[in-house]
Amino acid sequence: MNAHVESAKAKPAPMVGVDVGGTFTDLFFFDAAAGRFRTAKVPSNRGDEAVGFLEGLKTFGPLAQLGSIVHGTTVGTNALLERKGARTALITTRGFRDVLEMRRRDRLHTWGLWGDFVPVIERDLRFEVNERVLADGSVRQALDVEEVKAAARAALARGAEALAIVFINAYANADHEMAALAAAQEVWPNGNLACSSQILPEIREFERTSTTALNAYLQPVVGSYLAKLDSALQGEGFGGRFHIVQSSGGVMSTATARKLPVRTALSGPAAGVIAAAAIAEAAGYPDIITGDLGGTSFDVSLVAGGKTALAAQTTIDFGLVIRTPMIEITTIGAGGGSIAHVDAGGMLQVGPESAGSRPGPVAYGQGNTRPTLTDANIVLGRINADRPIGGKLERLDVEAAKSAIAAHVAAPLGLGVMEAAEAIVRIADGRMAGAIRLVSIERGHDPATFAAVPFGGGGALHVGALIKDVGLKAALVPRYPGVTSALGCVIADIRHDQVQTVNLTLDALDPAALDTRMVAEAQAARAVVEAAGLPMERIDLVFELDMHYVGQTHTVAVPLPVVVTDGSTGIDRATIAAAFDAAYQASFSRLLPGVPAKIVNLRTAAIGRRPHFDLRALAPEPGTTVEGARRGTRPVWFAGAWHAAAIYARLDLPVGAIISGPAVLEQPDATTWIDPDLVARVDGLGNVIVERA
Amino acid sequence: MTAIDPVTLAVLKGRLEQIADEMDATLYRSAFNPIIAEARDACHGLYHAQTGATLVQGTKGLPIFVGAMAFAVKAVIDKVAREGNLQPGDTFLFNDPYDGGTHLNDFRLVRPIFRGGTLYCWLASVGHWLDIGGNVPGGFNARATESFQEGVRFPPVKLFAAGVMNQDIIDILAANSRVPVSNYGDLNGQLNALDLGERRLAELLDAYGDAVVAGAFEAFSDRAEAMMRAAVRALPDGTYAFEDYLDNDGITAGRLTIALDLTIAGDTMVLDFSRSSAPCAGPLNIAYSTAAACCYVALKHVFTDVPANAGCLRPITFVIPETTLLGVKAPKPVGGYTETILRVIGVVLGALAQADPARATAAPFGTINALSLAGHRADGTRWVMFSFFGGGLGGNPETDGLSHANNPISMATIPPAEILEAAYPVMFSQWALRPDSAGAGAHRGGFGAVYEIEALTDADVFLLGERGLYPPFGVAGGGPAALNVFSWESEDGERSPPLASKVTDVKIKAGQHVRLETPGGGGYGDPRERRLEDVVRDVRQGLVSPDAARMAYGVALAADGTPDAATTRALRQGAAA
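Residue numbers (the numbering used here), protein chains in the order written: chain A, 1 to 693; chain B, 1001 to 1577.
Looking at chain A on its own, in the form it has when it is part of the complex:
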C-alpha cells in the first residue's frame, strides 16, 4: 500500500467519488493525470451496500489502478432514523442518568399533545457513579474507578455492545471522564467506547450526552460497514486510500470515521452542496442556493461568496440531537413522491405524506394510486414517459397518473385534469420557493443576487418557477446534476473540527493561556488531517470563537484573523474585541458598549486544501451542434395551454448554445424544463444557465 501511495505522488492515480443513496449509487471517476472523468449509476443494494459499491467501481476498470476512493454514505443516518444502532450503555454522574430521556423539555409538535420519545439508550442501561466536578472545573467529589468497572461489567451482562461515558461539567475538567474511560477499557471487550470530552468538550449536558450516545450507538454499525467495504475493496486489489465525507463537507479518514461516526450523519447531502458550490463559483456564480429535490423532500442550502454555511447542530429526529459542525441544510417535505390531496377545508395540499421511491408515483405502476408531484410533471408532458430516469422502468403509465389526478384533485376542486396537474406543480413550487425565501430573505440575503443550483434528478424541472416566485437572478443546472454528490466527494477538502468550551469574559481572559490552548488545538487538528494521507496543497487552520454579551443565550460565531507562526497565534484582547464587534454588528446591527463580552467556546478547524480540480474537464467536447442535439418537439402544458416544446439531448448541446423556452432538455439522470418566457444557454463548463428572456 505504501509503495502505491509513493508512486501516486509522482503521478496522481485516479480517484473515485461514491455516493450511496437510497435508490441509486452514483460514482464519479477522475483521472487528474489524463484529465479525464467518467460517471456511473448503479442500483443501491440496501443492507448490503458493498455489492452496488463494487459493481459501480468495476465499471471503471480494475480497482488496483485507483489511488483513492472518497465515499458519501447514509448508513449512519439510516441507522438513526430506523433505530438500528447498537445496544448501547451510558455511565454518568449520580443524579443525571435521565438527561438523554429528558431532553431540553421540548415536545414533538406546537399543536397536538400526542406522541412520545424512546431514547437510544434504555434506562436500565444507564448507570450512575459517584463523582462530581463543578462548573469551574474543581472536583467536589472524587471518582471511584472500581464503581466504573462494576457499571461497565453490569452493562456487558445486559448485552451492551457500545459504551458512552458522560460526566457533568466534563467540558471544564475532563480528568474524571478520562480516568473512567481508562477503567472501563480494562473490562470492555471491544473499541466501541468513548467519553464526551473526546467527542464534544462543550457545555450543555443534553447536547453533549446525545452526541456522545449517538456516536456510541453508531460505532459498531458504521465500523462494521466500513470494515466490510474495506475488505471487499482489498479483495479486489484496491491498495489506495479509502475516505469518508463528513456532514461538514470535509473529508476524513476511515480511521477517524470509525471513531466519530456521528460526523457522517449528513455525509451525502453535504458532498452535493460542496460540488454545487464549486461548480457555480467556477461558472461565475459565487452566491447560490442549492436545491436537491428527492423522493420525499426538498433540501436547500445557501452558499454566499463561495462559502457554505455551517450549522453547529442538527436534529435527526425528535430528541436525536447531534452537535457537530455540519453544512446547514433546510429540509421541507416536498419531493417528487409527495402526495397531492384536497383537505377537509377544500384546500389543495402537496405533501408532507409521500409515496417515496417505493411504491413511488402512480405512473411507476408499483401500487400507489394517489397522485404525486412527479405524476403531475408526467401528465404535463415535462417528463418523458418513454424514457424514465434511472433506467429501471421501461416506460411510465401516463393514463394512470392522469386518472389519479382526476379523481383526487380535479374532481374535488372542479378543475380539468390538466389544470389540476398544473395546480399540483404550482403548490409544490410555492413550497420550494418558501424554503428558498426562508434560507435567503429571512437571513438577510437579497435573493435577486442569488442563483438556484438544482441537483439530484428532479430539481431542474422547477427552476423557472423558483426564478420567478422568489426573484432569483438565474438558475444554473450542472452538467451532471445526478452525480453532484459523487463529484463533491472528489472535490471536497480534508477537514477536522474541534471545539473546547472556554467560558470566560473577555476582561478575565488570559490571552497567553488562550494562545497556548489554540496552538495545542491546532496541532491536534492538523495531525488528524495530515494522517489522512491524501494529496493536499496546504493545510489551513481556522479559529473561531462563540461569543455573546454576558446574559445572552445565543452566541455569534467570531472568526479570528490569526495564524500560527513560530508556535504562537499572537492573539490579544484587542483583536478579539474588534472581531466580536464586527461579527455582532453583522448579525444584529446594534452593539452594547459597556456590557461585558464573553467567550463561550473555541472552535478550531484544520482544512487540508485539495489540489485544484479543473471543472473544464466536464465541458462538452467540441464539434457538437444545436441542431444535432435536437430531438423534435413534444406537447407540454404550461399556464393553461399546450405548447409545442422543443426537445434537446442536453449532453449533446455545444458550448454557447442558446435555447429559448418552451423547451425540455433531457439527459439520462435529469430533465430541465424551460418556461416559455425563459432562455437557457450552455456556458463554457457545460452548465445550463436559465434566465429571464
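Any given hint could turn out to be false.
[Said to hold, decoys possible] Among the chain B residues that face chain A by a calculated CB cut under 10 Å, a handful are:
#1 Gly-1014
#2 Gln-1018
#3 Gly-1185
#4 Pro-1364
#5 Phe-1389
#6 Gly-1390
#7 Glu-1398
#8 Asp-1400
#9 Ser-1403
#10 Ala-1405
#11 Leu-1433
#12 Val-1450
The hints are simulated quantities; they were obtained by calculation from the structure and are not laboratory data. No residue lacks a Cβ here, since even glycine has one placed at the ideal position from N, Cα and C.
Chain B: place on chain A using the hints.
Chain B in isolation, oriented as in the chain A frame:
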C-alpha cells in the same frame, strides 16, 4: 369579495404565513431577553381591519398568544373608535391585561396598515419582557392582591404618531423596570418585526392586488369555520361537564374551582364557565380575553388540522362571567395567570374526552413551577436564578404521554443544568425522571421530574406552582398522576410550604437543598389493559415500582422482573369482574 381560484388561495396561504413566520424570526434573533430569544415567548400576525379578528398567524408563535392577539387588536380598534385620529405610521403599545392582554410582562405593539388611504388590516407583535416593576423581580408575585403590586400598566397609547416616536413613553418605560436596557432591546426587536411585516405585506399586495388578498382572508376564515363546524358536528350532541381545581390563591388556603359545561348542538359549541369560583384575592385570576384564548389553545391541540384564524371560533360561544375568576377586571391581580390557564385548558380537554374518547388527551402536568433562587456571591454581586420546570404530558389513544415536556401553552425549552451552574452559584444534585409520577393507563402518562438544587451561597427561595393538592386527571379509565411536591432543608429538618406549591421569601443557607418533584401526565384507558410487556419494561427501567405495577396495573412480577402469569391473570380478571 373577489372569488379566488383554489390554487392561488393555497399559494397565498403559504406566502402570508411566511410573513408572520418571518416577523417571529426577526424578533427571536434580535430580542435581548432569553424568554423571547430562547423560549420564544412571542407571536405575530395579521388582523382584520374592522373586527381585529385573526386573519393569518405565524406557525411558530407561542400558542397562548395565538389565541389572545385578536383581543389585543380589538382593544386598539375600540380606542380608535372612541378617539378617532388614526393615521398611517401610528403604532400602539400596551400591556393592559384587562383590555386584550394576558399579564403585565406581555407587551403588545399594534400597527394599522393603510392601502390607498383606507385601513386595510392590522399587524401586531407581542413579546414577554423580563421585568416591568412590581414587588417581585420578573413579575411572578404569588402574594399580589392588586395589579399595582405586579408592575406598571399601560393602556393602549400611541408610541408612534404618524411615524414620529414619542420619546416620553420610552422614558417612562425605562423608569419603571429593573432591566430597562433589556426591555428597550425587545421593544426594538418588535418594531423590527413590524417594519419587516409591513414591507413584505406591501410587496405581496402589489403583486396580487389588494382585493384578491382580501378575498383570500375571507376564504381562509370561511374554510377554518367549515373545518371547525365539521369537527364539532362529528361530536355527539349533549352537555359535558368537567371540573378541576387550583390549590389556593396564594393568599389563603382553599381550593378554587374551574368548572366547564361544554355543550355540543349540531355544529356549534358552547363553553360555559359560570359554575367556576368567584374572583380570588391572590394573583390566580385571569381576564375574559385570556380565558377565551386558552380555550382556543385547547381546541387547537385537539383539532390540530383546523387553521389558526378567527373563523374557527365562529361556531364557538363563550360564557365567562365577570363573577368568576376567569373574567376579572382591573385591578384584580393576574400575575399567576399561567397556572389558571393551564387548568382552563385541562377542563376543556377533560370535557372533550367525554364527548370523543378517540380524540382524548389526559391532563398534562399542568403547572409552570416558576422557581427563583436569589442571593449574593462572595464578591457581593446579586444573583437571581429563575426558570420554569417540566413535567409529563397525558396518555392518549395513540401513545403514552411524553415525559418531561413543556406545557401546552408554550414550546419553551429548559436551560441545561450546566448553563445554570456556570451562571449561578448552584449545584444540581439531581436532574432526573420521577418514578411513579405518571398516571396509570392502557397508555400511561409521561413522567414528571425531580430537580434537587444545592445553593452554594445563602439564598432566598420563591416558587409559584400548582397541582400540590389536586393531581392531573386521567381519562377513559386512566388514573391520575402524582402531585407536585416542593421541599427545602432547614436547620430543623425538611420543610414543605404551607400553601402547597407557593413559597415566598424562604431563606436557606449555603449547602442546603431545595427539591422540586413535578407531576407526570394523567393516564389514558384502563391500566389493566396495558400491554404486559410495557408494564414489565417500565418496571425494569425503574420508572414504575413493583408495588405500582401490582396495584395500578394488576401485574405481579417475580423477583427477577418476569411476570407471574397466574397472579397477574387473577389480578387483572378480578378487576374486570
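Of the numbered hints stated previously, which ones are contradicted by the structure, given in increasing order?
none
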